Amino acid sequence: MSTTADQNNLTRTLKDGAANLGLSLSDAQVSRLMAYQALLAKWNKVYNLTALRDPAQMVTHHLLDSLSAVQAFAGARRVLDVGAGGGLPGIVLAIWAAEAEPQMSITLVDTVQKKTAFLNQVKAELQLGNVTVLHARVEQLPVEQQYDVITSRAFAELNDFIDWSNHLLQQGGKYIALKGVMPQQEIDRLPPGWKVRQVQPLQVPGLDAERHLIFMERTP
3 MSTTADQNNL TRTLKDGAAN LGLSLSDAQV SRLMAYQALL AKWNKVYNLT
53 ALRDPAQMVT HHLLDSLSAV QAFAGARRVL DVGAGGGLPG IVLAIWAAEA
103 EPQMSITLVD TVQKKTAFLN QVKAELQLGN VTVLHARVEQ LPVEQQYDVI
153 TSRAFAELND FIDWSNHLLQ QGGKYIALKG VMPQQEIDRL PPGWKVRQVQ
203 PLQVPGLDAE RHLIFMERTP
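No gaps in the numbering here: position 139 of the sequence shown is 141 in the numbering used here, and each next residue is one more.
Among the hints, erroneous ones may be present.
What the hints assert, rightly or not - For lysine to aspartate or glutamate, the following DMTMM-like pairs were computed, each having C-alpha atoms within a straight-line distance of at most 25 Å:
1. Lys181 to Asp162
2. Lys116 to Asp56
3. Lys181 to Glu219
4. Lys17 to Glu212
5. Lys176 to Glu188
6. Lys116 to Glu127
7. Lys125 to Asp29
8. Lys17 to Glu127
9. Lys181 to Asp150
10. Lys125 to Asp162
11. Lys197 to Glu127
12. Lys181 to Asp56
13. Lys176 to Glu101
14. Lys197 to Asp162
15. Lys125 to Glu146
16. Lys176 to Glu159
17. Lys176 to Glu212
18. Lys116 to Glu159
19. Lys17 to Glu101
20. Lys17 to Asp29
21. Lys176 to Glu219
22. Lys176 to Asp162
23. Lys176 to Asp190
24. Lys116 to Asp162
25. Lys181 to Asp18
26. Lys17 to Asp56
27. Lys176 to Glu146
28. Lys197 to Glu141
29. Lys125 to Glu141
30. Lys181 to Glu146
31. Lys181 to Asp165
32. Lys125 to Glu159
33. Lys176 to Asp150
34. Lys44 to Asp56
35. Lys125 to Asp165
36. Lys116 to Glu101
37. Lys197 to Asp165
As the list claims (entries may be wrong) - Ranges of calculated distance between the beta carbons of each label pair, as one might list FRET restraints:
38. Ser26 to Gln105: 16 to 22 Å
39. Asn161 to Ser33: 35 to 41 Å
40. Asn10 to Arg199: 38 to 44 Å
What the hints contain is simulated information worked out from the structure, not anything from laboratory work.
Fair warning: this is a prediction, and the values are worked out from it, not measured in the lab.
Virtual Cβ for every residue (Gly too), placed ideally from N, Cα, C.
Work out the full structure, taking the sequences as your base and the hints as a guide.
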């Protein structure tokens with residue numbers, strides 16, 4: 003069992019890390035993020051949602067790692083998180099956006115039923131009205147709605163990511179892929195008609211590893 007002191011330390015790590023990222027989180031946002039981390043740890047015992055077991059690592063490698071990217075989504079209205087898994091970055095983005103970008107809605111899609119069951123539980127318990135969860139293959143999703151931003155974290159090669167989901171990207175929309183080391187070979191293999199608009203290195207507090215955001219769009 004984690005003690006109150008342990009929880010306080012985790013919360014302090016989250017708050018300090020967010021401040022380092024230039025994010026001013028409200029008490030409600032911090033509370034929701036810590037509740038999400040607790041749910042992830044609890045369900046992980048049965049469902050194997052993440053390889054990480056240590057709560058402190060979850061705060062750094064999952065919460066802060068996802069928070070380091072959220073400001074790139076400022077102004078987005080409809081975001082699709084492909085291969086959402088345990089909800090990274092989608093749930094973290096949704097918790098942040100509920101206050102910071104109230105116009106934003108986030109759809110999380112995954113092919114694994116136990117993962118979408120977890121995401122629906124998180125949505126219900128944290129009362130995330132800006133979240134929709136879909137159990138489906140992204141390449142088979144009908145174009146009922148298109149998105150201005152499509153994102154993923156450690157999902158697939160960039161060319162597959164685009165091939166499988168570009169029918170869902172609205173005209174003028176963009177991809178934001180969360181990657182570790184600079185994926186130059188993947189960038190070199192982008193499908194025809196697509197280009198990288200920007201590569202943004204990220205520095206995640208407490209994480210000694212490379213992180214990059216890859217922004218991609220259709221070539222004019």
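Each hint tested on the structure:
1. Lys181 to Asp162: Holds: Lys181 and Asp162 sit about 14 Å apart, inside 25 Å.
2. Lys116 to Asp56: 21 Å, holds
3. Lys181 to Glu219: Roughly 16 Å between the alpha carbons, so the hint for Lys181 and Glu219 holds.
4. Lys17 to Glu212: 22 Å, holds
5. Lys176 to Glu188: Judged against 25 Å, a Cα distance of about 17 Å means the pair holds.
6. Lys116 to Glu127: Given that 25 Å is the threshold and the Cα spacing comes to 16 Å, the pair holds.
7. Lys125 to Asp29: 19 Å, holds
8. Lys17 to Glu127: Holds, at roughly 22 Å.
9. Lys181 to Asp150: Status holds; Cα separation ~20 Å.
10. Lys125 to Asp162: Roughly 28 Å separates the two Cα atoms, so the pair is violated.
11. Lys197 to Glu127: Between Lys197 and Glu127 the Cα gap is close to 39 Å, so the pair fails against 25 Å, i.e. violated.
12. Lys181 to Asp56: 22 Å, holds
13. Lys176 to Glu101: 23 Å, holds
14. Lys197 to Asp162: 14 Å, holds
15. Lys125 to Glu146: Holds, because 22 Å separates the two Cα atoms, which is no more than 25 Å.
16. Lys176 to Glu159: 16 Å, holds
17. Lys176 to Glu212: 22 Å, holds
18. Lys116 to Glu159: With Cα atoms ~24 Å apart, Lys116 and Glu159 stay inside 25 Å; holds.
19. Lys17 to Glu101: Given that 25 Å is the threshold and the Cα spacing comes to 16 Å, the pair holds.
20. Lys17 to Asp29: 10 Å, holds
21. Lys176 to Glu219: Answer holds: Lys176 to Glu219 is near 5 Å, not above 25 Å.
22. Lys176 to Asp162: It holds: about 15 Å lies between the C-alpha atoms, which stays within 25 Å.
23. Lys176 to Asp190: 18 Å, holds
24. Lys116 to Asp162: 23 Å, holds
25. Lys181 to Asp18: Holds, at about 23 Å.
26. Lys17 to Asp56: 18 Å, holds
27. Lys176 to Glu146: Holds, because 18 Å separates the two Cα atoms, which is no more than 25 Å.
28. Lys197 to Glu141: 20 Å, holds
29. Lys125 to Glu141: 24 Å, holds
30. Lys181 to Glu146: Since the Cα atoms of Lys181 and Glu146 sit roughly 28 Å apart, the hinted pair is violated (cutoff 25 Å).
31. Lys181 to Asp165: With Cα atoms ~18 Å apart, Lys181 and Asp165 stay inside 25 Å; holds.
32. Lys125 to Glu159: Outside the cut-off at roughly 28 Å; violated.
33. Lys176 to Asp150: Given pair Lys176, Asp150 holds - Cα atoms ~6 Å apart, limit 25 Å.
34. Lys44 to Asp56: Distance ~12 Å between Lys44 and Asp56 Cα, so the pair holds.
35. Lys125 to Asp165: 29 Å, violated
36. Lys116 to Glu101: Violated, because 28 Å separates the two Cα atoms, which is more than 25 Å.
37. Lys197 to Asp165: OK: Lys197 and Asp165 at ~13 Å, within 25 Å.
38. Ser26 to Gln105: 16 to 22 Å: About 19 Å separates the Cβ atoms of Ser26 and Gln105, which means 16 to 22 Å holds.
39. Asn161 to Ser33: 35 to 41 Å: 40 Å, holds
40. Asn10 to Arg199: 38 to 44 Å: Taking Cβ atoms as reference, Asn10 and Arg199 lie about 41 Å apart, which means the hint holds.
Comparing the model with each earlier hint shows violations of hints 10, 11, 30, 32, 35, 36; every other hint is respected.
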